[in-house]
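Engineer: Chains as they are written, first to last, in the working numbering: chain A, 80 to 619; chain X, 792 to 1189; chain S, 83 to 461; chain V, 571 to 861; chain L, 108 to 341.
One thing to keep in mind: the hints can contain errors.
Quick list of in silico lysine-lysine cross-link-like pairs, DSSO-like style, CA-CA up to 30 Å [claimed, not checked]:
1) V:Lys704 to L:Lys337
2) L:Lys275 to V:Lys704
3) V:Lys830 to V:Lys734
These are calculated hints, taken from the structure and not from any lab test.
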Amino acid sequence: MSGTPTPFAFRKHIGWCLLLLGALWSAAAHALSPEDAWALAEGDTATRIEALHRLALSDSQRAHDLIRALAREAVQVQGQQVLIADNGRWIDATTGAAVDGAGAVAVMLNNRLRNALEQSLAVLDLFDPDPMRQQAAAQRLRESQLTRPDPVLAAQIERALSPPYGQRLAAPARLVLEQAQAVVRLGSSDAPQRLAAAQVLAELGQPLVRNRLAEQLERESDPAVQQALRTAVAAIDRSLALAEVVRQVFAGISLGSILLLVALGLAITYGLLGVINMAHGELIMIGAYATFVVHALFQQFLPGWFEWYLLAALPIAFMASALVGALMERGVIRWLYGRPLETLLATWGLSLILIQLVRSTFGAQNVAVVSPQWMSGGIEVMSGLTLPWNRIFIIAFAAAVVIGVALFIGRTRMGLFVRGVTQNRSMAACMGVNTARIDTLAFAFGSGIAGLAGVAVSQVGNVAPDLGQQYIIDSFMVVVLGGVGQLAGTVYAALGVGVVNKFIEGWAGAVLAKIAVLVLIILIIQKRPQGLFALKGRSA
Amino acid sequence: NPNAPIRIGVLHSLSGTMAISETALKDTVLMAVEEINGRGGVLGRRLEAVVVDPASNWPLFAELARRLLTQDRVAAVFGCWTSVSRKAVLPVFEELNGLLYYPVQYEGEEMSPNVFYTGAAPNQQAIPAVEYLMSPDGGAARRFVLLGTDYVYPRTTNRILRAFLRTRGVGSADIMEEYTPFGHSDYQTIIARIRQFAGQGVKTTVISTINGDSNVPFYRELGNQGVRATDVPVMAFSVGEEELRGVDTRPLVGHLAAWNYFMSLQNPANAEFIRKWTAFARARNIAGHRERPLTNDPMEATYIGINMWRQAVEQARSIEVDRVRVAMRGQTFQAPSGFQVRMDDRNHHLHKPVFVGEVRADGQFNVVWRTRATVRAQPWSPFIEGNDRRPETPQRTR
Amino acid sequence: MTDMPPPSAYSPLHPPSKPLFGRAGWAALLSAALLVCVVVPVLNLWVPSDHALHLSDFMVGLLGKILTYAICALAIGMIWGQAGILSLGHGLFFALGGYVMGMHLMRQIGADGVYGSALPDFMVFLGWTELPWYWALSDSFLATLLLVVLVPGALAFVFGYLAFRSRITGVYFSIITQALTLAAMLLFFRNETGFGGNNGFTDFRRILGFPLATAEMRVILFAISGIVLLAFVLLARWLLLSKFGRVLHAIRDAESRVMFCGYNPLPYKLSIWVISAAMCGVAGALYVPQVGIINPSEMSPANSIEMAIWAAVGGRASLIGPIVGAFVVNGAKSVLTVSFPEFWLFFLGALFIVVTLFMPNGLAGLAQQAWSKLRRVRA
Amino acid sequence: MSPDLLELGAQRIQAAQARTQTEPGGSGGRAAGYAHPLQAGMVDVSHGRILYLEDVTVSFDGFRALNQLSLDIAPGELRCIIGPNGAGKTTLMDVITGKTRPDAGTVYFGSTIDLLRHSEPEIAAMGIGRKFQKPTVFENLTVFENLELALACHKGVWASMRFKLKAEQRDRLAQVLHTIELTQQCHALAGSLSHGQKQWLEIGMLLMQEPKLLLLDEPVAGMTDSETERTAELLSKLKQHHSLIVVEHDMGFVRAICSKVTVLCEGALLAEGTLDEVQADERVIEVYLGR
Amino acid sequence: MLIIEQLHQYYSGAHILRGVSLQARRGEITVVLGRNGVGKTTLLKSLMGLVPIRSGRIEFDGHSLVQATPYQRARAGIGYVPQGREIFSRLTVQENLLMGLATKSAKTPIPPVLFELFPVLAQMSGRRGGDLSGGQQQQLAIARALAAAPGLLVLDEPTEGIQPNIIKDIGRVLQHLAKNGLDGQPMAILLVEQYYDFAAALASQFVVMQRGEVVAQGSGEEMEMANISKLVAI
Ligand SMILES: Nc1ncnc2c1ncn2[C@@H]1O[C@H](COP(=O)(O)OP(=O)(O)OP(=O)(O)O)[C@@H](O)[C@H]1O
Ligand SMILES: Nc1ncnc2c1ncn2[C@@H]1O[C@H](COP(=O)(O)OP(=O)(O)OP(=O)(O)O)[C@@H](O)[C@H]1O
Ligand SMILES: CC(C)C[C@H](N)C(=O)O
Ligand SMILES: [Mg+2]
Ligand SMILES: [Mg+2]
């Protein structure tokens, strides 16, 4: 993924190392008293934290194991006995003996404890053989040093960097830890030390760092350090400003790509076929529910492959929506070509039926669609700017779908027939095109694209029976703004709306941004009554 | 006819945007009705639920309320979720002297003689929650993001919270208030801003009054952008077990919610409640719940409401509204929350316990804090100016 | 042009201009007036409530509400059916009329509100100490009556002028009307905007000093709604039988050709558009005191779409069709939401599909077909 | 305005002066200066031009449909325009009626009205009527209503609302119906007419409009020979009181109606003159008539 | 060979075609004449299956077409040039021609002779059909119908709006096509035409219609004798 492991990757590693440690543990085990274990497991938070610190600093491997187990919420108590649960088996935390913990209850964690645990773990992990874990631990320490300077931790950092321990640190972790140290040294009484710290920190363009530097600048007396601090703050400000712009553009594009995906199917069913398809949203919804079903099936029957359920969901969602679309076309819409406004009424009726159908089958409430791990987390493109993977995937997915659709419509014979049929149905028939089949196919294709959009939105939003209602207006807005029947127009309109929306939202808030975008759309249509990409010429 | 069934109205949206939340409440009423009938009914008469669908349409709420009261002549109505739907039916209930049991937490500032409020008032949810956040266990927060959907409940709650925070010495520079439209689904910008606001080195928490559909995208984006509960915890007032159903909760572990009931509470009353609901959901084949039965706070409040109504009717030996109203005062019930809740003698609100829970990986809540006893409701929040002069009992205004 | 054969050489043309109504039409109109002004009040107020013919208060309220919907449907039918302009934003005009009336009713509450202040409750609550300027005229009933027409009318004028001037047509127009109403809805949802936010206005008590929550008032409001609807039918009929109506039809079919005939379509479209918006405003104003609440969700795009659907179900080509549609759809909704709370959407959806597939001209078209068949059989 | 246009105006004014000096009348015997009273909305044809185009260029994505075309039509003239397919004839009509804006050039109706400043309905209201190449009538109105709509009268909204057909208007309608032989179908929907009938109806609408200048784009396409003859007769009668521009490919028809023919090719003037002259022109034979 | 027998057609009650019968043979040009509104276009539309007929027989090369959909008729080898051109206005000229090849396999190229016949189409091949001038569109419509080398070519007033020299070309082309087709096979041509001279010059057979009925019929040489131009003019 990236240079910076995400919190989740970090947790996964813990699991790995625990297995490793498990093999070594009988040899390395040191004593852990039942009282200490109990103090960590139960009681009020303050005492538990105290126990935690104590145990973390001890050399007891058992204690460390217990801390790690607690961090992954695997500690349970049975009577006064503290147990570590592992895949349906239990061991006694103090003795390491296997026991039967069938009646044990999990101990409670809260955020305060979790915070303390993370810090302790960071200190423990700093000397883990795995350099990735070292680095993650160092980062964690740096962060907590930035947010809440803690003398105990500061001492630990100093110690970790100094000789006997220092050699055991891998280079990247060491760098991070030095930055953490710099945070501490920024407050030192020695001016050269402060100067060096300021220079180290200038590299690290985070808002938190900026605050520390600015704070220090306020009380700094040494002019050289002052100067260094000032340039450091300015440098960070610059990089933050840049990051902000990049972030907004990215957010805009990512919103735009979702708009694009949801509008693309409509660009076909409405833009090309001229069906005012009010059930478009429901086709998206069906795609999302298809994803949910695939997801549930994987969870149940193929848990090992769960990570890849989305790949299976894509064709299935496409087919599901396409099938429903084909049925709609065959059963209802077929009779309405040439009466576009009537399709509004009929498809509205269809949408009501589809919503209720899904509601009766799956229930009115949201259903859970869990994103695969590889879509979580993000990539840090610059300091202070992490782009989430799922957004990146959706952008890429949208691009792929657009290209696919454009090729299909513009380059294939089938696409030609679709365009021909939609422009002049009876003449196309007279040319020997099986118009009924093309109609069904084209409608199913557009519906299938809506299904694909459903896969995408199931990864960012909620999946509920009225999911489609939320997208239908946006879809029409985008298609019409771009110019009906203009695929390129749809693309530009979607991205444009997304980016403009996000920029306005940046300074006016979400509500006003939405209103502003709507007003903007109205104004643009005034200037371009046939949409952004209106056909010019006689044929328009 | 003394042996004819007693009818009660169920006025919850089964379609439209609110169906997501309200459908389960309808089923809760039906479950309670079945249970009561199983025990011989009320006053020896069977209960019969008249279910209607106001379809998330507020005027339709008013119309159907009138219909329930005049055509179906129901003895009481259990219904409404959103405040606006309650406001829409209120004049009808007052005009026709009907009885409404409203089961959802709300913003207060109301006290009608024709409504019994079994959800929380702000002081039974929002204020304790913030107090918890400011405590060492809650992370000793000093900086707050008040994030909500742009409508009256969040705005009122936040107004109250602002006033409350001021009394705790939190300056307005440390409060960021932000609203999104209904159904807002793209939280990238807002969460980035929250991160910025939180990245100033002061312990910051988010108080979310986001409502409805927006919660899923909000929490998903939280997970995406790696906002962890240990850094910036989010405390929500309208996110419960049912709302979390649609989210992958693993990245959300540790985020918080405040309620008067959690499904994860361990006590006999709750075990019984969950058991009954599970059986009912399976028997009735309620989609979603038959696979994964969930209970939540408004369901509990609904259950309390209908049981208290039953007790009051039996005590009054009549279903007449005026007599039931009197009998409701001081009514108690052993609630699934594990506490004995009591209807206040005067203000038509319940005395309820308050819990703060942290999201668990399985979508349930870990109760990390609770009040020692039940808390009396303050529908007129003392943090709003002029409310000290408000009467303590509902006044008939028309 | 000179050299034409003399006109006397031909049989005189039948003048195609028809009277406003035929005899049957007038009779139907009068009996409808009688129904709303006499029959319903009598059945509701004077027939004892246990009598089989008694019309309950609930029914009067329901019918009154549907009458206001019917006005909207008529308004939509006029622009959609006659001028070919599909508005998906008429809910906005309806809501604006409603809001104007609502403001007046809010002021009528006086000091009886929860907070006992002269200001509406929500303002007290938001900490406002005086009425914002745009509430200035809300005290006066007369001004309210005027504004009910003027506010939606003026907005429609500005919007329509811009849109029609830029020759925005077809679905482009429909979509920007939808954008307009959506924007307005979001705006009204904001509490700062000053119209009560999400909750809107409710808790009305009296109108012109008379209490609202009485059977008599309900009947009166019902009768007014009915009369207004009939008056609008007359107005619409007059408009559409005139050459104005034919120009509209021509614009609907071939706008550019109309221009080459020397007509400027802009004022034509604009006037029917404004008239239709104002009609919706009046409907909204009648609606609010009857249902007792007005809030921004009336402006939601789905609501406006539904209005168009009433017109379509009834048959937008005729004037009566949309009215029939409003009654059928809303009547069906009222019955079904109670009888089949969990399945009514299936029925409603099926109704829409059946109507489109088998009754291209809506219910009214079906009736017409049946009627002409009957006549053919008799002849 | 460009300098040469100014110059042109000056020339015309001079010409007008010369004319008013020689021929009395025009301004009722008064000795007029170069200004003479103009009724609002009236076309000033005192300079011997009802339509005047200069250097009109229209291009579509680089393709020049009209290329610096100049044209002059006198009041009461019937001008035929012929030319190969795609020569720009229809485009020319589009320019005159305001449907297409030229990239460059001037278009004057009379000597005072700059057509480029006016919208389509304004141009139509001034008295330029047009029949399209593809017949366009109001398909959902009856034949009668189609003609009634085209009727010359005040065309404001309020006037339409109170419009009542006067007796003489009705007579005219009847006349026109007879002329176009649709009296039978008078109350039939225009949409149900055959192609040729629609052509006629459109001509009828044009007649009702009483325009000063008529533009007819292939009026006899799809008509039988006898109908073509009738149309020719009709146009010949019209030309005494109206100015006409007719585009046709039917040489027989052109011969029947026309004295002066303009040949367009590739957007520019190729030849001009009587039909015989033009038909003898090698270039015209080459690109258009064929051997 | 095309055989139409006793064709009756109604437009919602109005009896338009009243028992029309005619035949069109390969190698011949059959011209249908008649005044405006007599039902010529309706006849062709019935033949193409664009309007439903009440009764009658339509047979082409021995197969009955009465039940066939328009596209089946096209696949049976009928090419149609409709009145009013009916170009796919938003497809380019090239794509319009490709549409004409819909009955052929995907790899069939556009026959180059079409561009020889109508050079303007080659010039404008990238332009959208709707942007062409009226006459250009008409040429495109004819080329499009020819693209698939049909066995029967049906033309509804193909000369409308076309410049004289191209009309002459079209005449020559039709004669050539009747004899040799595009692919060497003789073709049956059914031509509806108002332009008498053109029709007379081409006709191997003629049919005159009046009020939905065939009132005269004969071979091309008989046209002058039968004084058909009078008949059409009434
Ligand atoms: N909007 C447009 N875009 C591109 N080319 C156009 C457009 N409009 C017209 N043209 C081209 O301009 C040229 C002139 O067209 P025009 O219709 O004026 O010809 P015409 O003289 O009327 O021909 P015809 O006799 O066939 O009707 C043609 O080549 C046509 O293809
Ligand atoms: N869609 C229709 N609905 C009703 N009547 C129609 C329809 N189309 C044509 N007609 C009528 O049918 C008759 C025959 O029309 P058709 O188009 O076949 O004539 P045509 O011989 O092709 O005439 P033309 O030479 O003018 O093209 C006409 O009287 C016409 O009014
Ligand atoms: C917070 C919500 C769950 C309920 C609240 N009463 C509302 O107005 O919508
Ligand atoms: Mg032309
Ligand atoms: Mg024809």
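Engineer: Look at each hint and say if it fits the structure.
Structural biologist: Checked hints:
A C-alpha spacing of about 27 Å is found between V:Lys704 and L:Lys337, which places the hinted pair at or below 30 Å, so the restraint holds. Simply put, L:Lys275 and V:Lys704 have alpha-carbon atoms about 23 Å apart, close enough for the 30 Å limit, and the pair holds. Only pairs whose Cα atoms come within 30 Å are accepted, and V:Lys830 paired with V:Lys734 is rejected, the gap being roughly 42 Å.
Checked against the numbered hints above, the structure breaks only hint 3 and satisfies the rest.
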